[in-house]
Amino acid sequence: MNDSQQLLQRASFIELNARERAHALLDAGSARELLDPFERLKSPWLEMQGVTAQADDGVVLLKGALAGQSAIVAAIEGAYQGGSMGEVGGAKIAAALELAAEDNRQGIQTCALILFETGGVRLQEANLGLAAIADIPAAIVDLRRYQPVIGITAGTVGCYGGMSIAAGLCSYLVMTREARLGLNGPAVIEQEAGLGEFDSRDRPFIWSFTGGQQRYRTGLADAYVEDSVADMQATVRDLLKQGLPQQHRSAMHDDFLARLAEVDTSAQATPEQVRALYEKGIRP
Amino acid sequence: MTSTPPSERGAVWLAALTGNAPLHESYSAALRVCHAPLADTSALYVCVVPDPANRFPRARNGETGLVEGWEIARAVQRQIAADREREDKTPIVAVIDVPSQAYGRREEAFGIHQALAAAAAAYAEARLAGHPVIGLIVGKAISGAFLAHGYQANRLIAIRDKQVQVHAMGKESAARITMRSVDALEELASVIPPMAYDIDSFASLGLLWRTLELQNPDAPAGADLAIMQRAAEEALTDILAHPDRSLHDRLGAKNRRATVKVRALLREQWHQDTPQQARTTETQ
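The listed protein sequences derive, respectively, from chains A and B.
For the first sequence, this note's numbering begins at 4 and goes up steadily by one.
For the second sequence, this note's numbering begins at 25 and goes up steadily by one.
The hints are simulated quantities; they were obtained by calculation from the structure and are not laboratory data.
Quantities reported herein were computed from a predicted structural model and do not represent experimental measurements.
Just so it is clear, CB atoms sit at the ideal spot from N, CA and C, and this is done for glycine as well.
Treat the hints with care, since some could be wrong.
Here are the computed distance ranges between Cβ atoms for each label pair [unchecked claim]:
{"hint": "1", "chain 1": "A", "residue 1": "220", "chain 2": "B", "residue 2": "278", "range": "42 to 52 Å"}
{"hint": "2", "chain 1": "B", "residue 1": "50", "chain 2": "A", "residue 2": "198", "range": "35 to 45 Å"}
{"hint": "3", "chain 1": "B", "residue 1": "262", "chain 2": "A", "residue 2": "68", "range": "36 to 46 Å"}
{"hint": "4", "chain 1": "A", "residue 1": "247", "chain 2": "B", "residue 2": "211", "range": "16 to 26 Å"}
{"hint": "5", "chain 1": "A", "residue 1": "82", "chain 2": "B", "residue 2": "211", "range": "27 to 37 Å"}
{"hint": "6", "chain 1": "B", "residue 1": "273", "chain 2": "A", "residue 2": "247", "range": "24 to 34 Å"}
25 Å max Cα-Cα, derived PhoX-like pairs, lysine-lysine [what the hints assert, rightly or not]:
{"hint": "7", "chain 1": "B", "residue 1": "186", "chain 2": "B", "residue 2": "278"}
{"hint": "8", "chain 1": "B", "residue 1": "186", "chain 2": "A", "residue 2": "45"}
{"hint": "9", "chain 1": "B", "residue 1": "278", "chain 2": "A", "residue 2": "45"}
Cβ-to-Cβ under 7 Å is the rule here; a few derived chain B residues that face chain A [what the hints assert, rightly or not]:
{"hint": "10", "residue": "51"}
{"hint": "11", "residue": "91"}
{"hint": "12", "residue": "97"}
{"hint": "13", "residue": "98"}
{"hint": "14", "residue": "127"}
{"hint": "15", "residue": "129"}
{"hint": "16", "residue": "132"}
{"hint": "17", "residue": "144"}
{"hint": "18", "residue": "149"}
{"hint": "19", "residue": "168"}
{"hint": "20", "residue": "198"}
{"hint": "21", "residue": "203"}
{"hint": "22", "residue": "206"}
{"hint": "23", "residue": "208"}
{"hint": "24", "residue": "229"}
{"hint": "25", "residue": "294"}
Taking the hints into account, I'd like the entire structure generated from these sequences.
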């Protein structure tokens with residue numbers, strides 16, 4: 004046990020796949036996978052498009068305990084179809100969060116962890132992915148009335164598209180230096196707005212605006228952690244211990260609108276400008 | 025980049041439905057907010073419209089951007105706060121004609137995902153608080169813009185018309201991201217309902233409460249306006265008659281049966297570790 008803990012101390016979180024990440028976060032021995040790959044709940048839409056359908060649709064659900072409290076972890080596998088949200092994977096996450104909310108209403112305190120490694124909607128299932136991504140925020144907003152919903156985006160896929168909206172609804176959001184968070188993927192912005200607006204091949208540029216360090220420094224993420232299993236384990240337990248935030252970030256419309264009113268939009272944005280603006284106070 | 029003029033649908037439908045009710049003044053030109061009658065009560069109407077002078081240049085054609093997202097949140101949250109002590113909650117009507125979210129460097133820099141999250145959360149919280157929320161899709165309802173403005177409604181109503189489209193991404197970008205040609209994408213869309221852009225395919229996913237056949241969706245008046253008003257009133261009656269505040273009303277369609285299967289099986293497995301609890305089984 005001591006040996007394995009020492010090993011975990013040094014272990015990378017990002018190198019783990021979704022299932023391993025989820026197991027690493029819950030209390031040892033407490034986890035039970037729901038709708039595991041043996042259920043073969045595959046996408047009904049991919050094979051007719053010549054795309055291999057994975058038996059868990061790229062989403063892993065583990066029910067167990069976090070610091071002794073009932074918890075559900077939904078982990079998106081970034082290595083499968085870019086972590087894209089299809090009908091089945093999306094329904095798994097939405098329904099799990101809804102059941103957690105139900106449990107809270109029945110007196111069983113249940114929190115949630117969501118591991119975001121996703122490009123957003125799976126375009127091969129377009130409108131059904133989008134529909135699921137409407138159900139997920141609905142469920143987060145319901146559940147976070149009772150217990151914290153903690154979002155983690157560790158890398159290296161990042162968190163994009165409609166799922167960045169879901170991330171913005173979490174009670175707490177945890178990021179690493181490798182992670183990115185944004186609504187529109189770099190390639191999509193470049194396609195829609197041109198290379199001058201956004202260069203999808205300029206990695207330092209992308210990270211300077213949307214990387215974990217910048218998101219943390221500008222108050223759009225709540226914790227910035229090293230790529231370490233042990234640090235990630237400790238961080239989620241600390242956040243759970245804090246309980247619900249006094250105010251969710253999504254409720255701070257007056258603060259954000261006041262800050263945005265000060266932005267000089269005649270020039271392009273810089274990372275320094277965003278930090279200077281938001282450091283004036285967004286965080287409650 | 026497109027040269028077609030921005031759609032006026034949202035603006036003209038809002039004006040027609042509210043009898044040109046005076047707009048609340050504390051919002052930017054891109055967000056129209058007013059109170060006007062619905063059935064025998066007063067409702068809050070919210071609509072994003074094109075603003076050619078928008079301070080944020082990437083949000084001048086009716087896109088839902090940073091300010092629009094946060095202002096939707098403010099409008100809806102103010103209504104929730106105003107009605108906190110009231111039993112009869114003010115209905116909220118989202119008039120939807122949103123071509124997309126805003127794609128730009130400033131948008132990502134200042135956290136457009138958080139702005140749209142705030143808007144989605146406000147509608148979801150309104151719904152959970154008991155406000156009847158109705159979405160009227162009179163034009164486009166695309167991707168993140170729709171997630172922020174309308175998709176959280178209890179009931180969605182759409183006009184059956186070529187210009188009325190719901191989708192996860194514009195065709196050009198979707199083709200680039202999936203590494204297909206636009207022609208190939210259109211061919212797939214014709215056989216895979218969730219990939220299609222037309223409103224009948226979308227309706228087949230079960231996400232709409234009703235679709236409406238109108239003579240001239242560009243110029244709402246007379247019989248067309250009466251049909252829309254009646255549908256909105258009936259949606260209100262339907263919401264008030266059903267105490268369920270979730271989005272489960274949307275789960276019945278044959279083209280979304282995988283979602284129902286996932287949900288039923290997950291509910292079963294969820295409760296397998298809590299035998300003291302009565303197991304509720306969803307019937308399909």
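A quick look at each hint next to the structure:
At about 49 Å, the CB distance of residue 220 of chain A to residue 278 of chain B agrees with the hint of 42 to 52 Å. Checked against the hint of 35 to 45 Å, the pair residue 50 of chain B and residue 198 of chain A passes, with Cβ atoms roughly 38 Å apart. A beta carbon spacing of about 41 Å between residue 262 of chain B and residue 68 of chain A agrees with the range 36 to 46 Å that was offered as a hint. A C-beta distance of roughly 49 Å is found between residue 247 of chain A and residue 211 of chain B, which places it outside the suggested range of 16 to 26 Å.
Distance hint for residue 82 of chain A and residue 211 of chain B: a CB-CB separation of about 29 Å, consistent with the stated range 27 to 37 Å. A beta carbon spacing of about 28 Å between residue 273 of chain B and residue 247 of chain A agrees with the range 24 to 34 Å that was offered as a hint. The hinted pair formed by residue 186 of chain B and residue 278 of chain B meets the criterion: a straight-line CA distance of about 24 Å does not exceed 25 Å. Distance hint between residue 186 of chain B and residue 45 of chain A is unfulfilled; the C-alpha atoms sit about 33 Å from each other, more than 25 Å.
Our distance criterion of 25 Å between C-alpha atoms is met by residue 278 of chain B and residue 45 of chain A, whose separation comes to about 16 Å. Annotation: residue 51 of chain B was flagged as interfacial toward chain A, and the flag is violated, the nearest CB pair being 10 Å apart, outside 7 Å. A cut of 7 Å between beta carbons decides the hint on residue 91 of chain B: the least distance to chain A is about 6 Å, and the hint holds. For residue 97 of chain B, the suggested interface contact is upheld, since its CB lies about 4 Å from the closest CB of chain A, less than 7 Å.
About 4 Å separates the beta-carbon of residue 98 of chain B from the nearest beta-carbon of chain A, less than 7 Å, and the hint is met. This hint holds: residue 127 of chain B has a C-beta 4 Å from the nearest C-beta of chain A, less than the 7 Å allowed. Interface restraint check: residue 129 of chain B against chain A, minimum CB-CB distance 5 Å, threshold 7 Å, status holds. The interface hint given for residue 132 of chain B is met, as the beta carbon of that residue sits about 5 Å from the closest beta carbon of chain A, less than 7 Å.
At a threshold of 7 Å, the smallest CB-CB gap from residue 144 of chain B to chain A is about 5 Å, leaving the interface hint in force. The restraint placing residue 149 of chain B at the interface with chain A holds, with a minimum CB-CB distance near 6 Å, inside the 7 Å limit. The criterion of a C-beta within 7 Å of any C-beta in chain A is met by residue 168 of chain B, whose closest approach is roughly 6 Å, and the hint holds. Given the 7 Å rule on beta carbons, the hint for residue 198 of chain B holds: about 5 Å separates it from the nearest Cβ of chain A.
At about 10 Å, the closest approach between the beta carbon of residue 203 of chain B and any beta carbon in chain A exceeds 7 Å, and the interface hint on this residue is violated. Interface hint at residue 206 of chain B: violated, since its Cβ lies 12 Å from the closest Cβ of chain A, which is beyond the 7 Å cut-off. Interface restraint check for residue 208 of chain B: the shortest CB-CB distance to chain A comes to about 10 Å, outside 7 Å, so the restraint is violated. With its C-beta approaching chain A no nearer than about 6 Å, residue 229 of chain B sits inside the 7 Å limit, and its interface hint holds.
The interface hint given for residue 294 of chain B holds, since its Cβ lies 5 Å from the closest Cβ of chain A, which is under the 7 Å cut-off.
Of the numbered hints stated above, those contradicted by the structure are hints 4, 8, 10, 21, 22, 23, listed in ascending order.
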